[in-house]
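Student: Chains as they are written, first to last, in the numbering used here: chain A, 1 to 412; chain B, 1001 to 1435.
No wet-lab data here; the hints were simulated from the structure. Among the hints, erroneous ones may be present.
[Stated by the list, open to error] Selected chain B positions facing chain A (in silico; Cβ < 8 Å):
(1) G1183
(2) L1185
(3) L1258
(4) V1275
(5) P1276
(6) T1279
(7) P1293
(8) I1367
(9) L1375
(10) I1377
(11) F1407
(12) A1409
(13) F1417
(14) Y1425
[Said to hold, decoys possible] Taking lysine-lysine and the DSSO-like style, the derived pairs with C-alpha atoms no more than 27 Å apart in a straight line are:
(15) A/K308 with B/K1029
(16) B/K1173 with A/K127
(17) A/K308 with A/K121
(18) A/K14 with B/K1429
(19) A/K408 with B/K1329
(20) B/K1329 with B/K1173
(21) A/K308 with B/K1129
(22) B/K1129 with B/K1329
(23) B/K1029 with A/K121
(24) B/K1129 with B/K1026
(25) A/K408 with B/K1356
(26) B/K1431 with A/K308
(27) A/K127 with B/K1129
(28) B/K1173 with B/K1129
(29) A/K121 with A/K14
(30) A/K121 with B/K1129
(31) A/K408 with A/K127
(32) B/K1329 with B/K1225
(33) B/K1173 with B/K1225
(34) B/K1356 with B/K1129
All figures in this text were calculated on a predicted structure; none of them were measured in a lab. The C-beta atom is built at its ideal place from N, Cα and C for all residues, glycine as well.
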Amino acid sequence: MSIAQEAPPAESFKLSQLIYDTRYRSLTIQVFALFAFMLAVGWLVNNTISNLAALGKDFSFAFLWEPAGYDINQRLIDYDSRSPHARAAMVGILNTLLLALVGCITATIVGVLAGVARLSKNWIVAKIMTVYVEVFRNVPTLLWIILFVALVNEVLPSPREFRGVETGAFVFTNRGVYFPEALFSRSMGDLSIAGLFNISIDFLLILGVVIIGLFVSGRIGAWADQQQAATGDRPQVIWYRLGVVFLPLILLLLILGFHLGYPELKGFNFQGGTYVRDSFLGMWIALSLYTGAFIAENVRAGIMAVSKGQTEAAFALGIRPNNTMSLVILPQALRVIVPPLISQYLNLTKNTSLAIAVGYMDATGTLGGITLNQTGREMETLLLLMAFYLIISLSISFVMNVYNERVKLKER
Amino acid sequence: MSDIGFVRQDFLEQSPPPASSVGPIKWVKDNLFSSPVNSALTLVSIGFIALVLLEILPWLIDSSWAPAEMSLSGCRAEATGACFAVINERFYQFLFGFYPSELYARPTLAFLGLLLALWPILFENAPRKLLWFSAVYPVLAYFLIWGGTIWGPLLVLAGPAIGWAVSTHGEEKVTGVIGEAFGPLVTLILSVLSVILWFLFLVAPIDGLLSAILPIGVEAVASDKLGGFMLSLIIGVVGIAASLPIGVALALGRQSDLFIVRSLCVGFIESMRGVPLITLLFVASTLLAYFLPPGTTFDLILRVCIMVTFFASAYMAEVIRGGIAALPKGQYEAGDAMGLTYWQSMQLIILPQALKISIPNIVSTFIGLFKDTTLVIVIGLLDPLGLSTAIRADANWNGIVWELYGFIAVFFFIFCFGMSRYAAYLERKLKTDHR
């Protein structure tokens, strides 16, 4: 008696399996989604082409090389109204980056101070900081920006009122703040980079000396660490560390003939010195305080996230309070603080685009503002503008991902 | 035997703690003057508060609301403090923009309706039947604010009704024709298609026809008349209401195993989050017309609402994704082990928990969105900030700063702070862990 070897039932394929069989369903859905997406894109592109054709427009970026024909009141690189639109955009982009950079620095300082103060045992300080955080978080950024620019314009005196008055190094006027500029009597001149923009050789030299000084100082610190690890005694190196940074710098400044140029009232306005525009100043204060309130909350959450047991454990091991903070608490708190901190930087950078409401010429003001209106090329300018912001955001989130990967708790 | 001189038989009365370790004195000692540094900080803070109050209180008290001449100089002639006459004069403009003054009752009614519609959504103890009102409310609000004939809103309401009718009554017939396998699916597709077709091709002509024959309705108000806080609320409420479901869908898409769906969602989310809202508003005002069939024009406010919704839903998706990702894997596996389908496990297990833990961040996104409605001034809509710029340019009010911006700031603060308080309440209510 033998059992007949039954052939396995043939795989029959029914059309309904495409939907009801989990093996095929995901494929069906994806093909359908892709199809729908391409259909939608095709429809949009088709509409755009026929609309552009109806208006007699084409899609080209040639306008970027035509003369811009407008002036920009704050520029970090050479620019005049005959320069092409591309250069105007570049000026705007640099203005955006400048505002974002200084804004991020001050917002961090404000935020860390406010966040720590909000956790203070001092009731009244904690309450003041709570009020600051709640007020700034719950009122629109744009209102703060317009308010602070308006305050600079309305509250500070106009340059005219300084006639016959002895002005100090810093002059606060309703057009902005003037402060001394660094001048070099034996300047090395400018270096032209690829004919695009000039950069001062003096500045490069100073930057180089500072970087080398910091590097050497770091090596001395590392050497001291080694000594401490090997012998248990830490050599006193703080003066050497300061010396290698500052002595060469002072020497270089003397060689270059460094002196300060003070602002002076000439005619209707101040001449000389460095000048921070009213709109820049207002935006800077507003963005720092606004983003600072958010950062304060992140800092507070980060510090509270480290459990009290960590401090107690460190004390139990005999680690001193200072070292407990720097070796135990901060590394753990930073893991919580840094990711939202970076997204606050990102928000601040995107909020600089509000400059257009107060006339600060950032990338949105030049490329998305005047260039758009003059050339009438909405499509191209907005694409470029969005690409610019997208590149910044994506590179910041890339940095954030790298950081998260590095500090991630290693589990199993 | 008893050589003990004295044995106390009863307890002593408890003596009160020393005055320095109870009551307000202890509190002050602990919280304000616990160390020299703290004492210094306290004194500095008190000085700061005093300074601010000394500046603000006289300014508030010696204010003028209705001077003889309605202008800044008129105010200054009567009082040294704040000049609230500007708020007094432009109050209705701040509320409604340039909405015709004889029709103010309509947006007011719409606002009261909003409160009524929100009641059953926000609080569980409201009558559940009110949810029907909430469902109909968007169309009602549109009719009240924009006016026009009654037919457009009615036809829009008919859309979902048609879809429902097709899906319930069509199923048996379709199944009878095609068979069990595809019946339900085809019915679903048919009902969705019928709604889309209804909105795309039928609503406009039928509306036009009916409006021409039977012009029943109220006076129409053009979009450029809308402004003030009403405009902020319209954009904010539409964005909030629409961005949550879209955000949930995007978050699920981003977390799904389907590669193409996931990439599409990631692309949308990242490109929306990567650009400032201003650029999207520029797209709404200048580019959106290019993407639609030639000759299509629709309202600027509607276009702005669409872009704001897209922008907010990308942020919402990230917030909800964070909530979904925070759930332990065991929850998914438990859902699978129970034999639930994807949608069942999402609906019954994953989303309720994910949404609950992301409530604080969802509300932060709502608050951000509501604050961002002020950006519409860059494309020329007259929200309160836009109005204030116009007022400051007026010769009568030139030089006024704090009164205007303080007023607008108080408005936004009340709404945003209210939302964050509601979130805290919701968090407490939904808290189920016993800690």
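Student: All hints, please: hold or fail.
Tutor: Quick rundown of the hints versus the structure:
Hint on B/G1183 is violated. Least Cβ distance to chain A is approximately 10 Å, over the 8 Å limit. At a threshold of 8 Å, the smallest CB-CB gap from B/L1185 to chain A is about 6 Å, leaving the interface hint in force. Because the smallest distance between the Cβ of B/L1258 and any Cβ of chain A comes to about 5 Å, under 8 Å, the interface hint for this residue holds. With a cut of 8 Å, the hint placing B/V1275 at the interface with chain A holds, because the nearest CB-to-CB distance is about 5 Å.
Because the smallest distance between the Cβ of B/P1276 and any Cβ of chain A comes to about 4 Å, under 8 Å, the interface hint for this residue holds. Checking B/T1279 against chain A: minimum C-beta separation of about 5 Å stays under 8 Å; hint holds. Proximity of B/P1293 to chain A holds as hinted, the smallest CB-CB distance being about 6 Å (cut-off 8 Å). Interface restraint check for B/I1367: the shortest CB-CB distance to chain A comes to about 7 Å, inside 8 Å, so the restraint holds.
Annotation: B/L1375 was flagged as interfacial toward chain A, and the flag holds, the nearest CB pair being 6 Å apart, inside 8 Å. Taken as an interface hint, B/I1377 checks out: its beta carbon lies about 6 Å from the nearest beta carbon of chain A, inside 8 Å. Interface restraint check: B/F1407 against chain A, minimum CB-CB distance 11 Å, threshold 8 Å, status violated. Proximity of B/A1409 to chain A holds as hinted, the smallest CB-CB distance being about 5 Å (cut-off 8 Å).
This hint holds: B/F1417 has a C-beta 5 Å from the nearest C-beta of chain A, less than the 8 Å allowed. Among the interface hints, the one on B/Y1425 is violated; its C-beta lies about 16 Å from the nearest C-beta in chain A, farther than the 8 Å criterion. Pair hint A/K308 plus B/K1029 holds up; C-alpha atoms about 24 Å apart against a cutoff of 27 Å. Note on B/K1173 and A/K127: the hinted pairing is violated, with a Cα-Cα distance of about 68 Å set against a maximum of 27 Å.
Restraint check: the Cα-Cα separation between A/K308 and A/K121 comes to about 15 Å, which is no more than 27 Å; the hinted pair holds. A distance of roughly 50 Å separates the Cα atoms of A/K14 and B/K1429; the hinted pair therefore is violated under the 27 Å criterion. The suggested pairing of A/K408 with B/K1329 holds, with an alpha-carbon distance near 18 Å, which does not exceed 27 Å. With a C-alpha separation of about 43 Å, the suggested pair B/K1329 and B/K1173 falls outside the 27 Å cut-off, and the hint is violated.
For the proposed pair A/K308 and B/K1129, the alpha carbon gap of about 49 Å is over 27 Å, so the pair is violated. Distance check on the hinted pair: B/K1129 and B/K1329 sit about 38 Å apart at the alpha-carbon level, beyond 27 Å; violated. For the hint linking B/K1029 to A/K121, the alpha-carbon distance of about 11 Å falls within 27 Å, and the restraint holds. Note on B/K1129 and B/K1026: the hinted pairing is violated, with a Cα-Cα distance of about 54 Å set against a maximum of 27 Å.
A distance of roughly 25 Å separates the Cα atoms of A/K408 and B/K1356; the hinted pair therefore holds under the 27 Å criterion. With a C-alpha separation of about 24 Å, the suggested pairing of B/K1431 with A/K308 holds against the 27 Å cut-off. The straight-line distance between the Cα atoms of A/K127 and B/K1129 is roughly 43 Å, outside the 27 Å bound, and the hint therefore fails. At most 27 Å may separate the alpha-carbon atoms for a hinted pair to count; B/K1173 and B/K1129 exceed this at roughly 32 Å.
Pair hint A/K121 plus A/K14 does not hold up; C-alpha atoms about 72 Å apart against a cutoff of 27 Å. Restraint check: the Cα-Cα separation between A/K121 and B/K1129 comes to about 50 Å, which exceeds 27 Å; the hinted pair is violated. At roughly 34 Å between alpha-carbon atoms, A/K408 and A/K127 are farther apart than 27 Å, so this suggested pair is violated. For the hint pairing B/K1329 with B/K1225, the CA-to-CA distance comes to about 53 Å; that exceeds 27 Å, so the pair is violated.
Pair hint B/K1173 plus B/K1225 does not hold up; C-alpha atoms about 50 Å apart against a cutoff of 27 Å. Note on B/K1356 and B/K1129: the hinted pairing holds, with a Cα-Cα distance of about 25 Å set against a maximum of 27 Å.
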